[in-house]
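In case you want the letters, here they are:
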Amino acid sequence: MNPESGRISIWFFIGALVLVYGVLVLGAGIYELFSPSPTTVVLSELHAGIWWGALMIVLGAIPFFKSFPRAKE
Amino acid sequence: MNLHALYSAIILVQQPSRLIYLHFVDAVIILLYFAMILGIGFYLKRFTKTGDDFFMAGRQMTAWVAGLSFLAANLGSLELMGWAAAAYQYGILATHWYWIGAIPAMLFLGIVMMPFYYISKTHSVPGYLKLRYGEHARALSAITFAVMTVLMSGINIFSMALVMKVVLGWNINFSIWVSSITVGIYVALGGLLSAIFNEVLQFVLIWLGGMLIPIIGLIEAGGWSGMTARIAQRFPDQHYTHLWNTLGSFKDNPMGIHWTGIVLGLGFVVSFGYWTTDFLVVQRVLTAKDLRAAKTAPIIGASFKMLVPFIVILPGLLGLAVLPQHLVGETQALATGAHSYNEVLPLMLARYFGPGLLGLGITALMAGFMSGMAGNVSAFATVWTYDIYRALIRKDAEDSHYVSMGRWCTILGVLLSIGTAYLVMQFASIMDYVQALFSFFIAPLFGTVLLGMLWKRATPAAGFWGLLAGTLSSIGMWAWVQLDHRALAYIALSPNAKDMAENMYRGLWSWLICVGVTVMVSYFTQPKPVSELAGLVYGVTDIPSEGHLPLYKRPISWACIVIVVFFILNIVFW
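Chains as they are written, first to last, in our numbering: chain X, 1 to 73; chain D, 1 to 574.
Excised from the complex, chain D in its bound form:
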C-alpha cells in the first residue's frame, strides 16, 4: 500500500469534530513512527532466544539505555496529558510529583536498594520477596501486581483512544486496536529488549515533540516573569506559581494539601513505594550490564526526571497565561461544551505547531502512551511467567517453554488490556476504582521490601503478614472515605483536606501499619539463618567497593550532584 492510500485510510476513520487537523506530512511522520517501532521488534526477535534475553534483555544494557528506559516507562499513560492538565488546574504544585515525589526515591533506589536487587540476581520484585521472605509473600505480591498491571494497561489504552478521538477525531475502536496490536507485536517479538529499545526511541521523540511548546510559549508570554505576571493578572485570587510557600495550610493552595502530606506522604511513602518497588520501572534497571550501570541508571533517570516539568508542567502554566479560553473540569466541559483541563496540551500544540511539527507533536503523545503500555505488558509477562506460572503451575519446564509462554502471555496481556479498555468505556467509574486498587499495594510493598533489605531480623511470616495488613488497611481507609466522605478529615488530618491529600496520607498510614505489623510479628516468629540472607540484606551482603574508581565514575558522586540541583530548584521556585 502506498503512502497516499495509507493516509486515506487514516482520513477515512476521522470524524468531523476535532481540535487538530493533520496535513499529509504529519501523517507521513506518524506512519514512519509505526514502521520504525515494528521494524525494531522484527529485527530484535533474532536476539531473544533464551529466557534471560526475553525477560531481562540479556542483562546487557548500558546505564544510559537502562536509565532512559526506566524513565520512559513512567512517562507513558496519561503522564504527559494528565500532568499538563494538573498544572493548569493546580499550578506549579504539580511539579512536586516530578521533584520531591521522584528524585529522592530514584536516588535511593540507585544507591541503597539496587545492590540487593542486582546481587540477588532476581528477575523481579516478587522474585526478591521469594528469596527474602518465601513463597507466600511472593504469591501475594505477584498476583496483585499482574492483575493490577493489566487493568492499568487497559485504562491507559482507553485514555489514549479517548485523547485521539478528542484531538484528531479518530474512531475510538481504531485507536484501541491499532495502538494495542502494535505494542503487542513488538513486545511479543523482541521481549523486554524490544520494549527497552523502543522506550529509548520514544523518550527522544517525546522530548523533540514536546520541547518546542514551552520554548515558543515563553517567547509569546515574555519569558518566565512575563508568564507569571499574566497568570497573576488573569487569576488574582490564586497562587499558581509558588512551589512551597502556600503549603502552610490546607486552605491556602488550590490542591487543598499541607506540606506534611507532600513531604511525608508523597515525598517519602508514595514516591519511594512507586520508584523502588513497582516492577514496571524497576525491571528496566535490572537489565543493566553490571552493578555500577544498575546503580547509575536511576541517577540518569533522576537527572532527566528533574527536567520533565519543562515539557509537561510549563505548557500547563503557559496555558493559564496565554490561552484565550478558560478551561474547566471534565463534567463542566461535557455540560457546557467548553474545553477541559485535559485538553491543555493539545490546545497548545494546535496553537503553535504548523504542518510537520504537528505530526511530531502527535507522535510524541503516541510515543508516551505506547512506552507506558509496553512497560505494563512486558512487566506482566515476566511476573506471570516467572512468579506465577513457573512458581505455582509448572516448575520444571525447559527454558524455551517459558520464552514461548512469555510471548503468548504478552499477546494475552494485550487482549486483556483491550478487554479492560472496553469495560472502562461502558463503566467509566471503573477507572477510579482500579487506580485506587493499584495504590493499595504500592505503599505497603515499600515497607516490606525496605525492611527486608535493611533489617535481617525481619522474618518470612512477618513479611507476608505485614504486607497483607498494610494492604487491607489501605483498602479499609479507602472504603471508609467512599462510604462517608467526612472520614477524609480524619485520614488527612484536616476538614479542609481535598481528595488529592487522601492518597498521600492513606499511603503514609498503610506504610506505617505494614512496618509496625512486620516488626511485631518478627519478634514472635523465627528469622531465617543469616547464611540464607547473603546477597539479600544489608550487613550480610558483600557489596563491591567503588573506592578504586575516580570520583566521576562513582554513582554516589553523580547522586550528590543531582540532589544539590534538586534543592536549588526547590529554593528557586519556592
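Isolated chain X (complex conformation):
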C-alpha cells in the first residue's frame, strides 16, 4: 500500500499476475513432460516451460508478498 495515496502498489498487481502465470506455465510444462503433445517444438527436450515457469513463480512472489496490502496498524 502506498502510504501517501492509499493505493495498492502497482508491484502487487504485477507480482500477482506473474505468480499465477508462473504456476500455469510450470503446470503446463510438467503436464507436457508426462504427456507430450503430438506436435513438439524445437528443443522441446529443454523443457523450457518448467524452468521458465519456476523462475516466474519466484519473480512474481517477491513483489507480490513485499507489496501485499496490509491493514493500517
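No false leads were mixed into what you were given.
SDA-like mimics (lysine to any residue), calculated; alpha carbons at most 25 Å apart, straight line:
#1 D:K289 <-> X:S9
#2 D:K49 <-> X:I8
#3 D:K553 <-> X:P63
#4 D:K45 <-> X:F68
#5 X:K66 <-> D:M36
#6 D:K49 <-> X:G6
#7 D:K45 <-> X:P69
#8 D:K165 <-> X:V41
#9 D:K165 <-> X:T39
#10 X:K66 <-> D:R46
#11 D:K289 <-> X:P69
#12 D:K498 <-> D:P254
#13 D:K289 <-> X:F64
#14 D:K45 <-> X:S9
#15 D:K553 <-> D:G535
#16 X:K66 <-> D:Y43
#17 X:K66 <-> D:L32
#18 X:K66 <-> D:R59
#19 D:K130 <-> D:D399
#20 D:K289 <-> X:G6
#21 D:K289 <-> X:F68
#22 D:K165 <-> D:M425
#23 D:K289 <-> X:P63
#24 D:K395 <-> D:I119
#25 D:K45 <-> X:S67
#26 X:K66 <-> D:K289
#27 D:K45 <-> X:G6
#28 D:K553 <-> X:S67
#29 D:K289 <-> X:R70
#30 D:K289 <-> X:F12
#31 D:K528 <-> D:G134
#32 D:K49 <-> X:R7
#33 D:K553 <-> X:S9
Note that these hints are calculated values from the structure, not bench results.
Note that the structure is a prediction, hence the values are computed from the model and not measured.
Model the placement of chain D on the given structure of chain X, informed by the hints.
Here is chain D on its own, set in the frame of chain X:
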C-alpha cells in the same frame, strides 16, 4: 460465464488458417490478462477525481514507474513485430533505432529538457508552447498532434487485428473491437493513472514473454558466434551482423543509408524530435513526483531501451540463422503464399513455445499493442481537453467538467481510432500517408521547443512561423518525392539512397529550416520580457542544485554510466 465457455467463445471466432494453435492453458493466460487490466482500471477509478489525477496521474509517480511507462508507451504498436521484421530484412542495422536513435535523446530529455517541462508545471508539450510562445504555436501543435495521434492509434489497432488474424486466425472485427474497448474502458475509468499502471504491467509481460525466444534461439544456433556463422553461410552476399562498418557508402548495406543519415538524421533530429517532444512519451515523465524523479525516469527508460534489441532485434537475426524458410516482402508473400518478414516473431514463437509459454508469448504481443494504444488515447484526451477544448472552446468550466470531458474524450478517441482502423482496412495506402503525416511535425517541433528552452531571444511570432515553415517544408519534400521519385537523390544526397534514408534526411532539412526561420524572425520581432520567461528558458530559470546529494543519487551520474555502456555496445557490435 465459466472459463470453458469463454474459451469456446474464442475458438468460435477462430478461422482455419493460422500460424499458431492455442491450447486451453494459453487461452486461460490471455483471459487472465484481460481480467487483470480491466480490474486495475475499475480499482483506480476511485483515485481519479480531479483533473490532475485523471490527466497527470496526480503527479505522484516514482522514477521507476514513470520511466518504465515512458518506455512501454513506445514499445507498443508495431514496435515488437515491426522491428523484428526489420532485423530479418536489414540485419543488425535495425538496432540503430534503439541505440543511437534513442539513448542520447532520452538522456538529453532527462538532464537538459525535463527541468523546464517540470518546473513550468505544464500538463503537455503544446501547453509548454503556450507558456513560451503563446496561443498560436500551441494551437498549431495541439490540433496536429490530436489528429495524428488518433489516426496513428487506428493504424495500430488495424495492424494488431491483422497480426491476430495471421497468427491465430482470429476474426479481424473481433480483434479490433475487443482490444479497443478494453483499452477504452480502463483508460476512461482511471485516466492516465490507469494507463500508466497497465503500461508497467505490460512492460513486464513483454519481457517475460519475449525473452525466452532469444535464449532458446541462441542455444539452437550455438551462441552469438554460431548465429553469425550460420547467417554468413546462408546469405554470403549480405552484411547482416555489423552495426557501423557498412555505413561508409549507400551501396554497401541492405538499408541503402549512409552514416551521416544515421548520425545526423536519425541520431539527432528524428530521435530527439520523437523522444523529447512527442507528448505520447513525454506525458509519462511529467507524472513524476518531483524533479529528481522526472530527470531520472528517462534515464531508467534509456537503460532498458538499450536492452530491447535482445527481445526484438535478436529474434529477427535468429530467424535469419535458423528458420528453414526464407521470408519475403509483404507483396511477394501475398503473391506466392510464402511467409513475410512481418511474421518472423510469430514464427519464432511457434518454433520454440509449447503450451503455456505460447499463451505468455501471445499475451506479450497483445500487451505491446495495448500499451501503445493506451498511450495514444490518454495523450489525445489530455491535449484535446486542455489544449483545444479549454483553450479554444470553454475556458472557465469547473475542474470536474474537464475530468468528465476527458473520460468522454477517451471513448471518442477509441471510436475515432476504430473508424480509422476500418478506413485503413478499405484503403491500405492510407497507412503510409498517415505515418508520413505524423513525421512532418516531429522534427520541426523539436527545433521550436529546443530554441524555446535554450534561447531567450526566440520570440512568440518566431516560434509559430518557424514551426509552420518546418512543417510545410517537410510536407513539400515528401510531396516532391511522391511526384518524382528521382527527387530522393537530392533530398538524401545520393542516387543510391533508399526510402529509409528519405525520412532521416527530410527530418534533418525540415529541422534546419525551422531553426533558420525561427532565428531570422526572432531578430525582426519583439521578444517576451525576461520576467515572463522564468521557469521556461535556460539562464532565467532557477534549477534546484543536486550538489548536496551523494553521487549515486544524482541523475547525471546514471546518465554518464548509460552513455558509457552505449558507446561500449556500439564498439562491440561495430
